[in-house]
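Number of protein chains: 4
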Amino acid sequence: MSDDGIYYGDYLQINKLLDAQVLESTKAGETVHDEMLFIIVHQSYELWFKQVLWELDSVIEIFSNDVVPERAMGTALGRLRRINSIQALMIQTISVLETMTPLDFLDFRDYLFPASGFQSAQFRLVENKLGLRRRDRLLLSGEVYTARFDDSDRDLVEATEDDPSLFDLVERWLERTPFLEYEDFQFWEAYRDAVLARIQADRAVVESNENLTDQERVAQLREFDLVFDQHAALFDVEKHKIEQEAGRIRMSQRAFQAAVFITLYRDEPAVQGASRLLELLMDLDEGFTTWRYRHAQMALRMIGRRIGTGGSAGARYLEKSAERSRVFTDLLNLSTFLVPRSDRPKLPEELVESMRFRFQA
Amino acid sequence: MSDDGIYYGDYLQINKLLDAQVLESTKAGETVHDEMLFIIVHQSYELWFKQVLWELDSVIEIFSNDVVPERAMGTALGRLRRINSIQALMIQTISVLETMTPLDFLDFRDYLFPASGFQSAQFRLVENKLGLRRRDRLLLSGEVYTARFDDSDRDLVEATEDDPSLFDLVERWLERTPFLEYEDFQFWEAYRDAVLARIQADRAVVESNENLTDQERVAQLREFDLVFDQHAALFDVEKHKIEQEAGRIRMSQRAFQAAVFITLYRDEPAVQGASRLLELLMDLDEGFTTWRYRHAQMALRMIGRRIGTGGSAGARYLEKSAERSRVFTDLLNLSTFLVPRSDRPKLPEELVESMRFRFQA
Amino acid sequence: MSDDGIYYGDYLQINKLLDAQVLESTKAGETVHDEMLFIIVHQSYELWFKQVLWELDSVIEIFSNDVVPERAMGTALGRLRRINSIQALMIQTISVLETMTPLDFLDFRDYLFPASGFQSAQFRLVENKLGLRRRDRLLLSGEVYTARFDDSDRDLVEATEDDPSLFDLVERWLERTPFLEYEDFQFWEAYRDAVLARIQADRAVVESNENLTDQERVAQLREFDLVFDQHAALFDVEKHKIEQEAGRIRMSQRAFQAAVFITLYRDEPAVQGASRLLELLMDLDEGFTTWRYRHAQMALRMIGRRIGTGGSAGARYLEKSAERSRVFTDLLNLSTFLVPRSDRPKLPEELVESMRFRFQA
Amino acid sequence: MSDDGIYYGDYLQINKLLDAQVLESTKAGETVHDEMLFIIVHQSYELWFKQVLWELDSVIEIFSNDVVPERAMGTALGRLRRINSIQALMIQTISVLETMTPLDFLDFRDYLFPASGFQSAQFRLVENKLGLRRRDRLLLSGEVYTARFDDSDRDLVEATEDDPSLFDLVERWLERTPFLEYEDFQFWEAYRDAVLARIQADRAVVESNENLTDQERVAQLREFDLVFDQHAALFDVEKHKIEQEAGRIRMSQRAFQAAVFITLYRDEPAVQGASRLLELLMDLDEGFTTWRYRHAQMALRMIGRRIGTGGSAGARYLEKSAERSRVFTDLLNLSTFLVPRSDRPKLPEELVESMRFRFQA
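Residue numbers (the working numbering), protein chains in the order written: chain X, 1 to 361; chain B, 1 to 361; chain V, 1 to 361; chain E, 1 to 361.
Each statement offered as a hint is correct.
Treat identical chains as interchangeable: a pair holds within one or across any two.
Listed below are the simulated EDC-like cross-link pairs for lysine to aspartate or glutamate, each with C-alpha atoms no more than 20 Å apart in a straight line:
1) 16 to 46
2) 239 to 223
3) 241 to 168
These are calculated hints, taken from the structure and not from any lab test.
Let's have the full structure, built from the sequences with the hints guiding it.
Here's what the structure looks like:
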């Protein structure tokens, strides 16, 4: 082959890649077959984490602008879709690891002590760049999440804690949404009127519903009061602060209002891309949540509650942290505040026109 | 076409099938597009529940014999593998339903009140036939699981509560496992000695491990004591009863001992099928657990915490019941009690010979 | 339950659904277990075909307008994504059917004679609505595709042959793309110049590439000439006609030019939706192609080349028709005509501005 | 961290792994974002090829014994199931690569010239170890399959051509199947009688079937004659040789007879494992066939028929080679020769007894 031509094996540095699987059981003098799978699965994860970070960084870069160029929105959506497809692959990889039985794992597990996936720096980078904050994190056996890193990994991961995360940048982008006020029209006021009317109607349905037991009726009315209070937080700045401090809402009131607007009027041309973005951010959360959950199931099956591995504690942590590790929970909760299309405040004609393409004038 | 020939459309009763989609929104005078998807998804689930019940019933029938014919084992394994493949399909179906947005669901959801998936009789039949008992069930808003059925469905489902479930029959089959005693050899005694030696070794590792913080060491030793107690329950009939009454163990001591034997000596020809069976039963649990979890995620995204739908309570129920609804948890916990291959009690030569095929004599 | 409340079982007509599985083997006096799976799989397919038709019809309706409202584009994209997710489910369903072995199929297959999936009317409706024409279809054993239908199904399917298909409507929509001419700017002329320059450069690379054997060089230059001719068809109306008559191109020249424009300038706000549409149409083709291929593999495995079933002929038909049944092949071939971003003709500033949103003015 | 403790990052050599992604576009001075995905996808493939080879080698080792220990059968089946789960992952990885558009690929594709996946040595090792022989291989542009390797890869791959492949070892293992003769019982004679009776019955059905057109009847009877000839090859050594030389059968007559036996009597305890093995070998073929097919679709979409890349020729090669690259085609064709259970020759009582476990005596 000419020196000028690219050779597949060199381009992909295959020799380097295939030189990276060193079994501890082999070093101990008795190769355990299944240790190779364990290594390959986790190396595969690390390659895909690198890819996820590459995509995340590019989306963060796009959203780091004071104004996100509309031309970049399609690119951002495509990269979020890509991360979603990688998550599906990561979830399926767990099924591959599950072809290893607990008995086989037991044959080499002790050689790995005390290493664990909690030492994956890239995974913590992903979490930080998405926007998981220290205060959101569940402690594992009372430890902070960087406790088991060596110094190099700890510095790398902690360095990202203060960078603007995807959550931060999306929040700011939402806050910049221009359509919420237009001359006399205040979307948020009009929406509030529609919502309160809706809540009254819902309440009446519950009160008059003979299909419910008394126990059910009381429970639903109690929930109603709670939800009413949540709605109040949409409109009242002080109440919103309370929700934020209690950890029930994360994004700013302005950002949340914009998210509601985008979701309600998602068919308007200028909003279509934004609406897809919010859906893809929820898909992002869901992908990692499902992955953590499946990982927890697998760990439980593999280790049981065997002493000395931290395995059981690890499995319980993975399971609890699955739900706790969502970053865009506000978007999920947004469903609570939607109104049927027919109840949506009617937008001023000129506002609707401004959301169309110029060539359509 | 000749009257004798089978016609695809008649064979599958396609006209009947395609006549079963009546949209409530259409009846209300304003067809909502996405309601068709909602109907088709759930009808698809019910078809697959029927198939799962068909397979489950056949496996139950195989295991209803006083002796499960070895010739039937391959068939039983194949049918459990089939159920597993159907579960993967059911989980992926959730991704199809997720193409419906909360805003679209809001447009027809009220027409469906108060129907919900909790009224699926077939799903409860599946649970009962697997072996989920009333006492294991989480209550939904304080109700028993049949509370929302009409009389016909309630009778159908309650009628299966007292039938021998797959769990019951597997337990009895395990209890009949012949290899645990052979002349002077008592597997369980030999195993107990190996286990206790292992626990001592584990304890010593933890006590001498400088990598642990004091907090970690104390926590692990505490867990150790708990696990030691669990081991005690393997050997002590009274302690096993205590674990059963506390709900931490479900199967009989004899059955559990057999499951440990089967898992440890799974390569012996006469045990290979049994070992695959236990793995497939765990896959069964895992499949439904994952499906419930994904269902909970989807419900949360779709409904939020909107008043009057029971949706939020439903989502929380689905999430909590995911783990609570496992039937073969004992098999998962079995991992705690495995010993490395090298520590396994050596089986008498004659016993090993008896586990081979006759033609190999 | 109150008569006013919706009951899940009634809403989904579960009794009707579950009354539709009648095994021919049972009618013959000897129930074969696996026939239930066969029925359920195909009934599941028919439910999903109904859903696909529901979505297709809605997209066809959107594109039946003289002008496709931009507000409807997001909806159309969502529905195509939904069809894509259903296709993934249909492909995975084949894996479920593959849990049936040829030996088991042999036990009831004869009872089904001569029924076959080629009698699925809904599948042919899907094909017709996508845009597969009679002349594109491969004959099965010399028969037209409706030969095995009863009169009712034949009429239903043939009635759709003359309706505007999705292909037809997309072609017309493409032809209406407004951006190709703008004052003095003629996109197609500028593009032609860039393409011809590119081809010259490619040709030079091949001629000077020492890494090729003579055999390879000749083969690539021959291919080059063919591709050059294809390019000529982009620019020369007569040559385009020849390609159409030969079946190598299907869509009109104007439509194809628009598709090239959309693909090249996909980041412009006014083009982002159109670009996603073209990608989703290719995904649509790919989904059905993969499904046919997997179906062919499964049929081959199930039936082999057994006489009297038409099975072998059927399997070969499915395999060949997999590639032959693509409708949007032109979009695939479009890749041949792309130029690197840097080679793209520069659009006039005013044209670019007109492709932005009005509020951004 | 203590020097004695294993650190995740070191164990998995993450630094080495993450140091292996060098983009050619970056070296050329203009990083193209999507090149990272291209690299990661192919590196992921190479990691999984290593794992597949690891599993294949272990199964080959098991089958390299003069007698395959029954104790090893369960292990072999588990490893084949594992390869199957990896194949599903590899197929899904194509969907991840498909998130890259042709336009994006065009931005860096030229930097990769002339590298291609045909230079993956590991993939050719997999093919060789499965049992794909030179004579079975389709030529790519007239070249042998090792033509594009550097010397090191060529030597590595060619060195495996003469090693006993999985096909060879399975063939020998089949030939050793002990049950085909038992005292006076000759399975193959009894089977031949059953088959010929079956063929006569089939022929009669076709001749008397009024549902067929004359064209169909003639075609099916012609096929019948061909199949009859194939059956003849089962029984006649000379005819079997002819089929082998024509490439229509690969395995020896004895091996094929054993495969038929195993498939027909798969419920006998001593045959259950063997029967699963044959199914898993077919799954193996199917997995790679599907992967090649999806790869071909993706390549076609990505490159079209662009001159100078070999892309189009490559896509056509992948598509044609998909079916040509099956190794265990004989097992697929075996379906042609099955008879319904009720037609199976009755095995002597003593033979059946010998296929049971000794402890069941």
